[in-house]
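*Asks:* Once you have looked at the hints, place chain B on chain A.
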Amino acid sequence: MVRDSIKAEVKNLNFFYGNVQALKNINLDILEKRVTALIGPSGCGKTTFLRCFNRMHDLYPHNRYEGSIILKPDDIDIISPNIDPIEVRMRISMVFQKPNPFPKTIFENVAYGLRVRGISNKKVLAEVVEKSLRGAALWDEVKDRLDKPAFDLSGGQQQRLCIARALATNPEILLFDEPTSALDPIATSKIEELIVELKNNVTIIIVTHNMQQAARVSEYTAFMYLGEIIEYGKTEKIFTAPSEKLTEEYITGRFG
Amino acid sequence: MKIKKFKERIIESLLFICAVSSIFITLSIVVVLSYETFGFFKEISIVEFLTGTVWTPLFEPPKFGILPLVTGTLLTTFIALLVALPLGLMSAVYLSEYAPHRLRETVKPILELLAAVPTVVYGYFALLFLTPILQKFLTELSGFNALSPGIIIGIMIIPYVSSVSEDAMRAVPMHIREGSYAMGATKFQTAFKVIIPSAFSGIAAAFLIGISRAVGETMVVAIAAGMMPNFTINPYEPVQTLTAYIVQVSLGDVPHGSIEYKTIFAAGMVLFMMTLIFNIIGFWLRKKIREAY
Numbered sequence: 006m007v008r009d010s011i012k013a014e015v016k017n018l019n020f021f022y023g024n025v026q027a028l029k030n031i032n033l034d035i036l037e038k039r040v041t042a043l044i045g046p047s048g049c050g051k052t053t054f055l056r057c058f059n060r061m062h063d064l065y066p067h068n069r070y071e072g073s074i075i076l077k078p079d080d081i082d083i084i085s086p087n088i089d090p091i092e093v094r095m096r097i098s099m100v101f102q103k104p105n106p107f108p109k110t111i112f113e114n115v116a117y118g119l120r121v122r123g124i125s126n127k128k129v130l131a132e133v134v135e136k137s138l139r140g141a142a143l144w145d146e147v148k149d150r151l152d153k154p155a156f157d158l159s160g161g162q163q164q165r166l167c168i169a170r171a172l173a174t175n176p177e178i179l180l181f182d183e184p185t186s187a188l189d190p191i192a193t194s195k196i197e198e199l200i201v202e203l204k205n206n207v208t209i210i211i212v213t214h215n216m217q218q219a220a221r222v223s224e225y226t227a228f229m230y231l232g233e234i235i236e237y238g239k240t241e242k243i244f245t246a247p248s249e250k251l252t253e254e255y256i257t258g259r260f261g
Numbered sequence: 019m020k021i022k023k024f025k026e027r028i029i030e031s032l033l034f035i036c037a038v039s040s041i042f043i044t045l046s047i048v049v050v051l052s053y054e055t056f057g058f059f060k061e062i063s064i065v066e067f068l069t070g071t072v073w074t075p076l077f078e079p080p081k082f083g084i085l086p087l088v089t090g091t092l093l094t095t096f097i098a099l100l101v102a103l104p105l106g107l108m109s110a111v112y113l114s115e116y117a118p119h120r121l122r123e124t125v126k127p128i129l130e131l132l133a134a135v136p137t138v139v140y141g142y143f144a145l146l147f148l149t150p151i152l153q154k155f156l157t158e159l160s161g162f163n164a165l166s167p168g169i170i171i172g173i174m175i176i177p178y179v180s181s182v183s184e185d186a187m188r189a190v191p192m193h194i195r196e197g198s199y200a201m202g203a204t205k206f207q208t209a210f211k212v213i214i215p216s217a218f219s220g221i222a223a224a225f226l227i228g229i230s231r232a233v234g235e236t237m238v239v240a241i242a243a244g245m246m247p248n249f250t251i252n253p254y255e256p257v258q259t260l261t262a263y264i265v266q267v268s269l270g271d272v273p274h275g276s277i278e279y280k281t282i283f284a285a286g287m288v289l290f291m292m293t294l295i296f297n298i299i300g301f302w303l304r305k306k307i308r309e310a311y
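Chains as they are written, first to last, in our numbering: chain A, 6 to 261; chain B, 19 to 311.
The following block holds chain A by itself, in its conformation from the complex (with noise of 0.2 Å):
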């Protein structure tokens, strides 16, 4: 097997909300078009780590990272100061714990990261919005009425629409925050297909609750407790031979 190269490099990521520290020297390696799911207990810092990789934190004050994150291959520390936001955002998209479209129609809704980016050609934006939809699962159900608001959809469908907004700008890395735990057992297990079969073309890294779903879909599995990473590695090493006690107690339900 080739050696899986590396798309981020995370190098001693500490971040503060004010005073208060979330996250504690943080190192690891996010390997190209895999995924890898953060796990570990509530107010662990698994949002919060995610949430560095967007830069989602400088929209509020008081906010602050060190260390940084090396984005390969062209070596930009996407958490440095010097680094715009929105550029670090529009290499990298995310998709929310609740579905949140935007009061638009549904093809709005898809081609919302083209427009902002200033692309206004019409057959532009219908070639990608139908293959964005076509790659969240989504363009048949709703192909017929790409006119309609996004609101009509059910949360699965809902979900699966913010997943192909998401992947309309042709995002390096896709980032998920618990992208089901709003949702019931079918449009969950439709996500879960969705994100194995969208490895193939990006990176993942997704937080979830639910560890059987972190065993479902990724790779790699980082526990994490009070804001440190406890454990990181392949998948079925964490779940069936964890080397960390916590990560064997977190995994076997006796905490969490």
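None of these hints come from the bench; they were simulated from the model. Wrong hints could be hidden among the right ones.
Said to hold, decoys possible - With a cut-off of at most 27 Å between alpha-carbon atoms, the simulated DSS-like pairs for lysine-lysine come out as follows:
#1 K205/B to K109/A
#2 K127/A to K205/B
#3 K305/B to K103/A
#4 K103/A to K148/A
#5 K195/A to K109/A
#6 K103/A to K204/A
#7 K242/A to K16/A
#8 K211/B to K126/B
#9 K305/B to K153/A
#10 K211/B to K153/A
#11 K109/A to K211/B
#12 K205/B to K103/A
#13 K211/B to K103/A
#14 K211/B to K148/A
#15 K77/A to K204/A
#16 K38/A to K195/A
#17 K77/A to K239/A
#18 K239/A to K16/A
#19 K250/A to K29/A
#20 K109/A to K305/B
#21 K136/A to K211/B
#22 K128/A to K211/B
#23 K211/B to K127/A
*Replies:* Structure of chain B alone, referenced to chain A:
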């Protein structure tokens, strides 16, 4: 035990009376208004009233075409909205999306103070300050005109528009905002492509509150617009609005029960209908806002 129950009943009845009295007062206003308006239409044909373009009920020969007052009202309202809607909306966008927390907490109450200035002060401000300044640039502008009070009413209602729009924008859930930023949108794009459409029904309600306020405004137009029923859409000319007419007649000594007296109620009815329509639309939009998310 019995006494306690009795006390409860008394309190309940008192509260009920309070609640009912406001409804009763509103209804009586409508009844009186309708009654006197009905009396007016016994003497004047409703067609003449609604289509006539001359309004001279106090002169000989009296003419009872309401249209000059309606156009006067619509003209000053329109000018006011040209000022208030863009400025109110832009300041709401700034306060909701751009301003740091501390600044917002300082600026918002100051902006709302604009609504606390007595309207008579605004009226003299329009007549004695704004009109002379405007006349330096617009030489055809007469001393009394629709433009200057229109602008001042616009400034006056900015706080209504901005405050309610800002509340609507801030009520847009954070995850919708984050969704836009996560797509690489700028603050400006997020505000105009996502936040304003999301808050649309609240913003529309804010606009309608502003419109109702502008339509009903009395002192500013009574002082600065010229008290001249004028069937025109030229903002440089003097006009009279429905409210200003009502004030004019109420202050004079028209005999009770005369046709001149009844014109107040007919004009009042038209005004009431105009604001009622705007309020119903506003109420309907506010109800829709809750269904948005």
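*Asks:* Each of the hints needs a verdict: does it hold here or not?
*Replies:* Verification of the hints:
1. K205/B to K109/A: Holds, because 18 Å separates the two Cα atoms, which is no more than 27 Å.
2. K127/A to K205/B: Distance of about 25 Å is within 27 Å: holds.
3. K305/B to K103/A: The given pair, whose Cα atoms are some 24 Å apart, holds under the 27 Å limit.
4. K103/A to K148/A: holds, 23 Å
5. K195/A to K109/A: Holds, at roughly 24 Å.
6. K103/A to K204/A: holds, 22 Å
7. K242/A to K16/A: holds, 23 Å
8. K211/B to K126/B: holds, 24 Å
9. K305/B to K153/A: Holds, because 22 Å separates the two Cα atoms, which is no more than 27 Å.
10. K211/B to K153/A: With a Cα-Cα distance of about 17 Å, the restraint between K211/B and K153/A holds, given a limit of 27 Å.
11. K109/A to K211/B: Satisfied, since the Cα-Cα distance of roughly 9 Å is no more than 27 Å.
12. K205/B to K103/A: This hinted pair holds, its Cα atoms lying about 22 Å apart.
13. K211/B to K103/A: holds, 20 Å
14. K211/B to K148/A: holds, 23 Å
15. K77/A to K204/A: holds, 17 Å
16. K38/A to K195/A: holds, 20 Å
17. K77/A to K239/A: Between K77/A and K239/A the Cα gap is close to 21 Å, so the pair holds against 27 Å.
18. K239/A to K16/A: Holds: K239/A and K16/A sit about 19 Å apart, inside 27 Å.
19. K250/A to K29/A: At roughly 20 Å apart (the allowed maximum being 27 Å), K29/A and K250/A satisfy the hint.
20. K109/A to K305/B: holds, 20 Å
21. K136/A to K211/B: Since the Cα atoms of K136/A and K211/B sit roughly 23 Å apart, the hinted pair holds (cutoff 27 Å).
22. K128/A to K211/B: holds, 21 Å
23. K211/B to K127/A: OK: K211/B and K127/A at ~18 Å, within 27 Å.
Against the hints set out earlier in the document, no violation occurs for any number.
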